[in-house]
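As they're listed, the protein sequences go chains A and B. For the first sequence, position 59 (counting from the first letter as 1) is numbered 49 according to my numbering, and the numbering increases by one without interruption. For the second sequence, position 84 (counting from the first letter as 1) is numbered 74 according to my numbering, and the numbering increases by one without interruption.
Take the hints with a grain of salt, since some may be wrong.
Intra- or inter-copy, both count: the list cannot distinguish identical chains.
As the list claims (entries may be wrong) - Taking lysine-lysine pairs in the BS3-like style, the calculated list, with each CA pair at most 25 angstroms apart, reads: (1) K35 to K69; (2) K35 to K61; (3) K35 to K79; (4) K79 to K69; (5) K2 to K35; (6) K2 to K69; (7) K61 to K2; (8) K61 to K79.
Please keep in mind that the hints were generated in silico from the structure rather than gathered at the bench. As the structure is a prediction and not an experimental result, all values here were calculated from the model.
There are 2 protein chains.
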Amino acid sequence: MSTVNFAEKLAKISEQWSPKIIARMNDYDFKLVKLQGEFVWHDHKNTDEAFIVLDGELTIHLRDRDVVLRKGELFVVPKGVEHKPEATKECHLMLIEPVGTVNTGEAGGTMTAPSDVWI
Amino acid sequence: MSTVNFAEKLAKISEQWSPKIIARMNDYDFKLVKLQGEFVWHDHKNTDEAFIVLDGELTIHLRDRDVVLRKGELFVVPKGVEHKPEATKECHLMLIEPVGTVNTGEAGGTMTAPSDVWI
């Protein structure tokens, strides 16, 4: 039960594409992640996933369109909807999703990160 | 499935202490609220509640201490923990909590607001 300051937590993150847990609410985690470049196509079969951009700009490619998210914007990817995040410059992002949600869903691959690391 | 811009949504809120839903993730709502002054002591018996300050400063009184939250800070009040929000100047806040969570918990009273209003 302590206050979480996003800037302080972000300052501790160096590795990109590796979400770190900063808080938990019931069985949901708040995670921060820095990302740049292109992620992999994936979905989450059993859950929606919320994206909030804290700094920079994020494109979420969907199969039928692109969603551009800027600082101070939120987007919820519904469960089962394929998406591919991409950022030209480094983007600072908060994810809210159920405990144990893996960043690559069921797609796997080298960009898969642990889902249980706190910072 | 649309992008939510916090500033645009906040501009549509005039009434204080009346949370408005801006997005839903599974069975959780993201709500925005403007508040100033003192709320009532209450708790939520069945759920944690996440507070993120988007602008201004919020004090969350707990029975054993006060938590001060500033812009860019997050705090999760655990279920069953009594709390009383207070803000000297108008504070812009995001709440994340299960669908149907009532702002005053089971305390009731004149500050109780509908929990199902989207903006």
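Verification of the supplied hints:
1. In the homo-oligomer, the alpha carbons of K35 and K69 lie at most 25 angstroms apart inside one protomer (6 angstroms), although the nearest pairing across protomers, at 28 angstroms, exceeds that limit.
2. Neither within a single protomer nor between protomers do K35 and K61 lie at most 25 angstroms apart by alpha-carbon distance, with minima of 27 angstroms and 34 angstroms respectively.
3. In this assembly of identical chains, the alpha carbons of K35 and K79 never lie at most 25 angstroms apart, being 29 angstroms within a copy and 43 angstroms across copies at closest.
4. Within a single copy, K79 and K69 get their C-alpha atoms no closer than 27 angstroms, and across copies no closer than 39 angstroms, so neither meets the 25 angstroms cut-off.
5. Within a single copy, K2 and K35 get their C-alpha atoms no closer than 31 angstroms, and across copies no closer than 34 angstroms, so neither meets the 25 angstroms cut-off.
6. For a Cα distance limit of 25 angstroms, the shortest separation of K2 from K69 qualifies neither inside one copy, at 30 angstroms, nor across copies, at 29 angstroms.
7. For a Cα distance limit of 25 angstroms, the shortest separation of K61 from K2 qualifies both inside one copy, at 20 angstroms, and across copies, at 19 angstroms.
8. In the homo-oligomer, the alpha carbons of K61 and K79 lie at most 25 angstroms apart both inside one protomer (13 angstroms) and across protomers (24 angstroms), since each shortest distance falls under that limit.
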